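2 protein chains.
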Amino acid sequence: MKNAKIRLYVDADLADGQAVAVSRDQSHYLFGVMRLKEGAFVALFNGRDGEWLAKVTAANKRNGMLVCLEQSKPVQMPPDLWLLFAPIKKARTDFIVEKAAEMGAARICPVSTEFTQSDRVRQDRLQAHALEAAEQCGGTYVPEVAELQKLDAVLANWPADRKLLFCDETRVGEAVTDLTVLGAGPWAILIGPEGGFSAREVERLRGMDGVHSVSLGPRVLRADTAAVAALALWQKALGDWG
Amino acid sequence: MKNAKIRLYVDADLADGQAVAVSRDQSHYLFGVMRLKEGAFVALFNGRDGEWLAKVTAANKRNGMLVCLEQSKPVQMPPDLWLLFAPIKKARTDFIVEKAAEMGAARICPVSTEFTQSDRVRQDRLQAHALEAAEQCGGTYVPEVAELQKLDAVLANWPADRKLLFCDETRVGEAVTDLTVLGAGPWAILIGPEGGFSAREVERLRGMDGVHSVSLGPRVLRADTAAVAALALWQKALGDWG
Numbered sequence: 001m002k003n004a005k006i007r008l009y010v011d012a013d014l015a016d017g018q019a020v021a022v023s024r025d026q027s028h029y030l031f032g033v034m035r036l037k038e039g040a041f042v043a044l045f046n047g048r049d050g051e052w053l054a055k056v057t058a059a060n061k062r063n064g065m066l067v068c069l070e071q072s073k074p075v076q077m078p079p080d081l082w083l084l085f086a087p088i089k090k091a092r093t094d095f096i097v098e099k100a101a102e103m104g105a106a107r108i109c110p111v112s113t114e115f116t117q118s119d120r121v122r123q124d125r126l127q128a129h130a131l132e133a134a135e136q137c138g139g140t141y142v143p144e145v146a147e148l149q150k151l152d153a154v155l156a157n158w159p160a161d162r163k164l165l166f167c168d169e170t171r172v173g174e175a176v177t178d179l180t181v182l183g184a185g186p187w188a189i190l191i192g193p194e195g196g197f198s199a200r201e202v203e204r205l206r207g208m209d210g211v212h213s214v215s216l217g218p219r220v221l222r223a224d225t226a227a228v229a230a231l232a233l234w235q236k237a238l239g240d241w242g
Numbered sequence: 001m002k003n004a005k006i007r008l009y010v011d012a013d014l015a016d017g018q019a020v021a022v023s024r025d026q027s028h029y030l031f032g033v034m035r036l037k038e039g040a041f042v043a044l045f046n047g048r049d050g051e052w053l054a055k056v057t058a059a060n061k062r063n064g065m066l067v068c069l070e071q072s073k074p075v076q077m078p079p080d081l082w083l084l085f086a087p088i089k090k091a092r093t094d095f096i097v098e099k100a101a102e103m104g105a106a107r108i109c110p111v112s113t114e115f116t117q118s119d120r121v122r123q124d125r126l127q128a129h130a131l132e133a134a135e136q137c138g139g140t141y142v143p144e145v146a147e148l149q150k151l152d153a154v155l156a157n158w159p160a161d162r163k164l165l166f167c168d169e170t171r172v173g174e175a176v177t178d179l180t181v182l183g184a185g186p187w188a189i190l191i192g193p194e195g196g197f198s199a200r201e202v203e204r205l206r207g208m209d210g211v212h213s214v215s216l217g218p219r220v221l222r223a224d225t226a227a228v229a230a231l232a233l234w235q236k237a238l239g240d241w242g
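Protein chains in written order, with my numbering: chain A, 1 to 242; chain B, 1 to 242.
Be a bit skeptical, because a hint or two may be false.
Each pair may be met inside one copy or between any two copies, as identical chains are not told apart.
[What the hints assert, rightly or not] Only pairs whose alpha carbons sit at most 25 Å apart, straight line, appear in this in silico SDA-like list of lysine to any residue: (1) K89 to R7; (2) K55 to E144; (3) K73 to T170; (4) K55 to R125; (5) K5 to L131; (6) K89 to A4; (7) K163 to L36; (8) K5 to P193; (9) K90 to S198; (10) K37 to K163; (11) K73 to V214; (12) K5 to E203; (13) K5 to E169; (14) K37 to L8; (15) K2 to T113.
Quick caveat, the hints were computed from the structure, so don't treat them as lab data. The structure presented is a predicted model; accordingly, all values stated were derived computationally and were not measured.
Same shape as in the complex, but just chain A (with noise of 0.2 Å):
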């Protein structure tokens, strides 16, 4: 079988015999640094159509064109779930989102809590580490992350059937919570800024119905510690790792 090395994102459909046209950033990438010729084997995913194999059919620094050949992977949906963090350092943030995305969430939401050190985000920046995410880990989806939107504006909107994981650093050394008895459906995960929520929010929050408190173990874990952490107890409780 012809194996391709390289994977890309793209937003063309993906089917038997389609010719698609690679972006200018793409060709840089593909023909200028990773010097790929005609004939060449890539994979291509748009999020819909699943992981295709595609030739090289034409190999220039600027534009370029592939052939779809054969699909080598179906589509692959992630469970029903959104990430909903604090933005941190750029750094830290950047992490969370390139997790998110390996880790399976369909959703990524930045939001503003009352101790939220940092008011803005570029959403077209981390939208595109969520894609070069996607690409690294061999899946066939790209996670949306939306804009920043403040915590309250969230929870005041937030969807009936949507239940929410609050982690809660006041919980710390609790038990954690077997997340198998929670129960299957759309759900979130939220986790809270450096200094966690404010008293008014956590009241909030431990109000609302649908909401689940849990703990993450006897130590405090950073903000992208935590996601990852509780990324990975939700997608084996309640997700595609089971």
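The hints should help you fit chain B onto chain A, whose structure is shown.
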């Protein structure tokens, strides 16, 4: 109750009324950077005596003295879990060490494998990262970071009573094992380098007694993500998160 915002690791014994001299670097940090004065409170831990509330009795930028007032936390030893990982790029290696300390690994062992790209690690720098992570996460124990060893040598001397969780990329897509059925006791987690283990290494690991090869879900995780995810699953199933 008096509240200390700063936590410091020290070598000295900690006990009621014990005077503790802090190092030049720590004095610079406490009295130069953070501008603490005599009478200020600091939390101290040494990995043996728990956490102690201490009061500054001499505050000079090159040396300082504190005295222990009362124990604020008993020592909490982590479960007997080692993390073995193949060093990757510098930032991600640092990250793995930081995360292993936060997640409660007792010992952190860099190992070089056939596909490991980095053949040198600065053990002292990694140990400092583990210490800083322990200060930050409220732990009372600092995991030891071992010197880099060859995986083959580590396996040749493997302790008969220690089980090994082998995170095997070739099993991507299989269901994730329920770790509780593998039983408690001394354990280690092994995470491979970019590109995974060689066929020879996989064969050797699978043939060893006490080695349990597991999948980490349907997407291929980067080594740093895999380390946190595997630590979370292990801690919940067999460690101190239960």
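Indices of hints not satisfied (ascending): 2, 4, 7, 10, 15
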